[in-house]
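Asks: Given next are the chains, with one letter for each unit.
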Amino acid sequence: MPKVRDNWGSRLGIIMAVAGSAIGLGNFLRFPAKVASNGGGAFMIPYLCALFLLGIPLMWVEWTLGRFGGGFGHGTAPGIFHSIRRKNRFIKYFGIIGIFGPLIIFIYYTFIESWTLAYSFFALTGKYSQLADQSQMKSFLLGFQGVERNQYFSGLSQAYLFFLITFVLNIWVIYYGIKGGIERLCKWAMPLLFFCGLILMLRVLTLGTPDPSRPTWNIYNGFGFLWNPDFAALKSAKVWMEAAGQIFFTLSVGIGVILTYASYLSKGDDVVLSGLTASATNEFAEVIIGGSIVIPAAFVFFGPQDIQSIARSGTFNLGFVTMPLILNKLPWAAFLGFLWFFLLFLAGITSSVSLAQPAVAFLEDEFNIARKKAVGILALAAFILCQPAIFFLKNGVVDELDFWGGTFFLVVFAAIETILFGWVLGMENAWDEIHKGADMRIPGVYKFIIKYITPLFLFFILGMWLKQEWIPIIFMHNVPSADRPFIFGTRIGIIIMFLILAILVKIAWAGRKKVPGGVR
Amino acid sequence: MSLAGWVLLVISWGLILGITGFCFAKVLSKKELK
Chain A
1 MPKVRDNWGS
11 RLGIIMAVAG
21 SAIGLGNFLR
31 FPAKVASNGG
41 GAFMIPYLCA
51 LFLLGIPLMW
61 VEWTLGRFGG
71 GFGHGTAPGI
81 FHSIRRKNRF
91 IKYFGIIGIF
101 GPLIIFIYYT
111 FIESWTLAYS
121 FFALTGKYSQ
131 LADQSQMKSF
141 LLGFQGVERN
151 QYFSGLSQAY
161 LFFLITFVLN
171 IWVIYYGIKG
181 GIERLCKWAM
191 PLLFFCGLIL
201 MLRVLTLGTP
211 DPSRPTWNIY
221 NGFGFLWNPD
231 FAALKSAKVW
241 MEAAGQIFFT
251 LSVGIGVILT
261 YASYLSKGDD
271 VVLSGLTASA
281 TNEFAEVIIG
291 GSIVIPAAFV
301 FFGPQDIQSI
311 ARSGTFNLGF
321 VTMPLILNKL
331 PWAAFLGFLW
341 FFLLFLAGIT
351 SSVSLAQPAV
361 AFLEDEFNIA
371 RKKAVGILAL
381 AAFILCQPAI
391 FFLKNGVVDE
401 LDFWGGTFFL
411 VVFAAIETIL
421 FGWVLGMENA
431 WDEIHKGADM
441 RIPGVYKFII
451 KYITPLFLFF
461 ILGMWLKQEW
471 IPIIFMHNVP
481 SADRPFIFGT
491 RIGIIIMFLI
501 LAILVKIAWA
511 GRKKVPGGVR
Chain B
1 MSLAGWVLLV
11 ISWGLILGIT
21 GFCFAKVLSK
31 KELK
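Chains as they are written, first to last, in the working numbering: chain A, 1 to 520; chain B, 1 to 34.
Derived from the structure by calculation, the hints contain no laboratory data.
Where hints are given, some of them may not hold.
Calculated pairs, DSSO-like style, for lysine-lysine (alpha carbon to alpha carbon, straight line, at most 27 angstroms) [claimed, not checked]:
id, chain 1, residue 1, chain 2, residue 2
1, A, K267, B, K30
2, A, K87, A, K3
3, A, K34, A, K467
4, A, K187, A, K447
5, A, K372, A, K87
6, A, K138, A, K127
7, B, K26, A, K187
8, B, K26, A, K179
9, B, K26, A, K267
10, A, K87, A, K238
11, B, K26, A, K447
12, A, K127, A, K451
13, A, K467, A, K187
14, A, K506, A, K372
15, A, K451, A, K436
16, A, K87, A, K373
17, A, K373, A, K179
18, A, K179, A, K267
19, B, K30, A, K447
20, A, K394, A, K267
21, A, K187, B, K30
22, A, K451, A, K87
23, A, K451, A, K467
24, A, K447, A, K179
25, A, K34, A, K267
26, A, K238, A, K451
27, B, K30, A, K179
28, B, K26, A, K436
29, A, K87, A, K394
30, A, K436, B, K30
Using the sequences and the hints given, assemble the complete structure.
Replies: Next comes the structure, spelled out in structure tokens:
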């Protein structure tokens, strides 16, 4: 008897789940830092170009491919790709990246997400409320992460406790399935996330001029710092690349997660309007809320001199060092600090549950394993795999995992998807497939964009990365020699994971051939 | 903030608010999942 697959309970449910997957820490930390460092308001020109030429087309491609594969009972890329060209024996192996990538990201993202839960607790209990400058707050963060032992933390025990809580919460949500777990979480977490974000945004907008002796350190100039354009920056290819990269990562395309989520739709369910709505929700969170909190607030409290270095100090510094220092200076500091970190936690958990789902769907769909057992297998494997990210953070293991799972393979996978969609499935078939059950028509120009512009854009990004970063990254030029064994070990681990998944795909299809009429 | 900064902010926010509002209005008025 064919197995009945899980499904979404409502349309708003899947839109919130995809938007939740896309909205992560990067919306509130990475985006404003990129704008500030790449031409200010002028950055929005390449950013919006990339949104319409790369992000939204890829979103439609993934929603459509996911729904298409789901119709054949496949919820992950190997099966979905196989459904496109069933006679080709190798096509399914390209899909391994769609399970491997999210799993790699999950094993370090859960740890980072747990920091936001811990800091929410620290904010409420006043654990960092006495810290007054960047160096103290930085030291607090490094102590918490276990990078150094100091007066604030003597080891990793607190970080590990919050990791365990976060990990169990993730597994608990996934255990209850698509409708009962992920959809239920996203339907309350997303409105709450927007509520927290809008309160913080309102607080920043009403900061005025907190220090009258420094009248230029005001919120008006804070927004000016972020939005005043430097049009000369547009002549730099790097700025266009940064904008394309930001769009790519913010929408969670190229990971494999949207394929899996969309596979739980029925054939006649709209993907055009739903995909566009999920993208627009993400952009609202990023440009309107994310762009109105950290950088304008940092300008008001640290002034025009320090803001440049703060904007370039990296995502974690902005989120865990600069922002708590700012909020500490305001009335209701504990409450505002809690809101900030809880906002990040909600952004994190709605993303991490989506990262775990492809692996669960793979075990369910391709091995016919019951959901609860599949979740148990994932939990055990992911828990073991998380340990190096936790204990060897200071040795660069998380950065290495992020490069391969969260950066390089995303672009490779998106390029594969667009080629399969526009060229293997064929643009005419693909166009018909997109519009099945659609509530709106996509402008015809997108046929040309999806077939030519989006893949070219992706190959260009990939080519530029290979040209600029391939050699130093592969040969670990920027890695301290003491950390090289850890990076090497991480790479071996990644290769082993990839091979195990390839073997599992082979076994799944070999098993299916033995069942009469079993090759789907 | 300069005039150019304002123009870029208003265009960006306007575009995103417009698309988001349009999408949600349409989603809420259309059919549910099958």
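Asks: Now, for every hint given, state plainly whether the structure supports it.
Replies: Status of each hint after checking the structure:
1. Pair hint K267/A plus K30/B holds up; C-alpha atoms about 17 angstroms apart against a cutoff of 27 angstroms.
2. The hinted pair formed by K87/A and K3/A meets the criterion: a straight-line CA distance of about 24 angstroms does not exceed 27 angstroms.
3. For the given pair, K34/A sits about 22 angstroms from K467/A by alpha-carbon distance, which is consistent with the 27 angstroms threshold.
4. A hinted pair counts as satisfied when its Cα atoms are at most 27 angstroms apart, and K187/A with K447/A does not qualify at roughly 33 angstroms.
5. With a CA separation close to 33 angstroms, the supplied pair K372/A and K87/A exceeds the 27 angstroms bound.
6. Between K138/A and K127/A, the direct Cα distance comes to roughly 14 angstroms. Compliance with the 27 angstroms bound is thereby established for this hinted pair.
7. At roughly 19 angstroms between alpha-carbon atoms, K26/B and K187/A fall within 27 angstroms of each other, so this suggested pair holds.
8. Distance hint between K26/B and K179/A is fulfilled; the C-alpha atoms sit about 23 angstroms from each other, no more than 27 angstroms.
9. Of the pairs offered as hints, the one joining K26/B and K267/A holds, with about 20 angstroms between alpha carbons and a cut-off of 27 angstroms not exceeded.
10. The suggested pairing of K87/A with K238/A is violated, with an alpha-carbon distance near 42 angstroms, which exceeds 27 angstroms.
11. This hinted pair checks out: K26/B and K447/A have alpha carbons roughly 23 angstroms apart, not beyond 27 angstroms.
12. For the proposed pair K127/A and K451/A, the alpha carbon gap of about 54 angstroms is over 27 angstroms, so the pair is violated.
13. Between K467/A and K187/A the CA atoms are separated by roughly 43 angstroms; this puts the pair beyond 27 angstroms, and the hint is violated.
14. A C-alpha spacing of about 23 angstroms is found between K506/A and K372/A, which places the hinted pair at or below 27 angstroms, so the restraint holds.
15. As the CA atoms of K451/A and K436/A are separated by approximately 19 angstroms, the hinted pair is consistent with the 27 angstroms bound.
16. With a C-alpha separation of about 32 angstroms, the suggested pairing of K87/A with K373/A is violated against the 27 angstroms cut-off.
17. With a C-alpha separation of about 18 angstroms, the suggested pairing of K373/A with K179/A holds against the 27 angstroms cut-off.
18. Taking the CA atoms of K179/A and K267/A, the gap is about 18 angstroms. The hint holds against a cut of 27 angstroms.
19. The suggested pairing of K30/B with K447/A holds, with an alpha-carbon distance near 25 angstroms, which does not exceed 27 angstroms.
20. As the CA atoms of K394/A and K267/A are separated by approximately 47 angstroms, the hinted pair breaks the 27 angstroms bound.
21. The straight-line distance between the Cα atoms of K187/A and K30/B is roughly 19 angstroms, inside the 27 angstroms bound, and the hint therefore holds.
22. With a C-alpha separation of about 23 angstroms, the suggested pair K451/A and K87/A falls inside the 27 angstroms cut-off, and the hint holds.
23. For a cut-off of 27 angstroms, the pair hint linking K451/A to K467/A stands: about 25 angstroms separates their Cα positions.
24. Simply put, K447/A and K179/A have alpha-carbon atoms about 33 angstroms apart, too far for the 27 angstroms limit, and the pair is violated.
25. Of the supplied pair hints, the one linking K34/A and K267/A is violated, its CA atoms being roughly 39 angstroms apart against a limit of 27 angstroms.
26. Of the supplied pair hints, the one linking K238/A and K451/A holds, its CA atoms being roughly 25 angstroms apart against a limit of 27 angstroms.
27. For the hint linking K30/B to K179/A, the alpha-carbon distance of about 21 angstroms falls within 27 angstroms, and the restraint holds.
28. For the proposed pair K26/B and K436/A, the alpha carbon gap of about 17 angstroms is at most 27 angstroms, so the pair holds.
29. Between K87/A and K394/A, the direct Cα distance comes to roughly 47 angstroms. Violation of the 27 angstroms bound is thereby established for this hinted pair.
30. Our distance criterion of 27 angstroms between C-alpha atoms is met by K436/A and K30/B, whose separation comes to about 15 angstroms.
Of the numbered hints stated above, those contradicted by the structure are hints 4, 5, 10, 12, 13, 16, 20, 24, 25 and 29, listed in ascending order.
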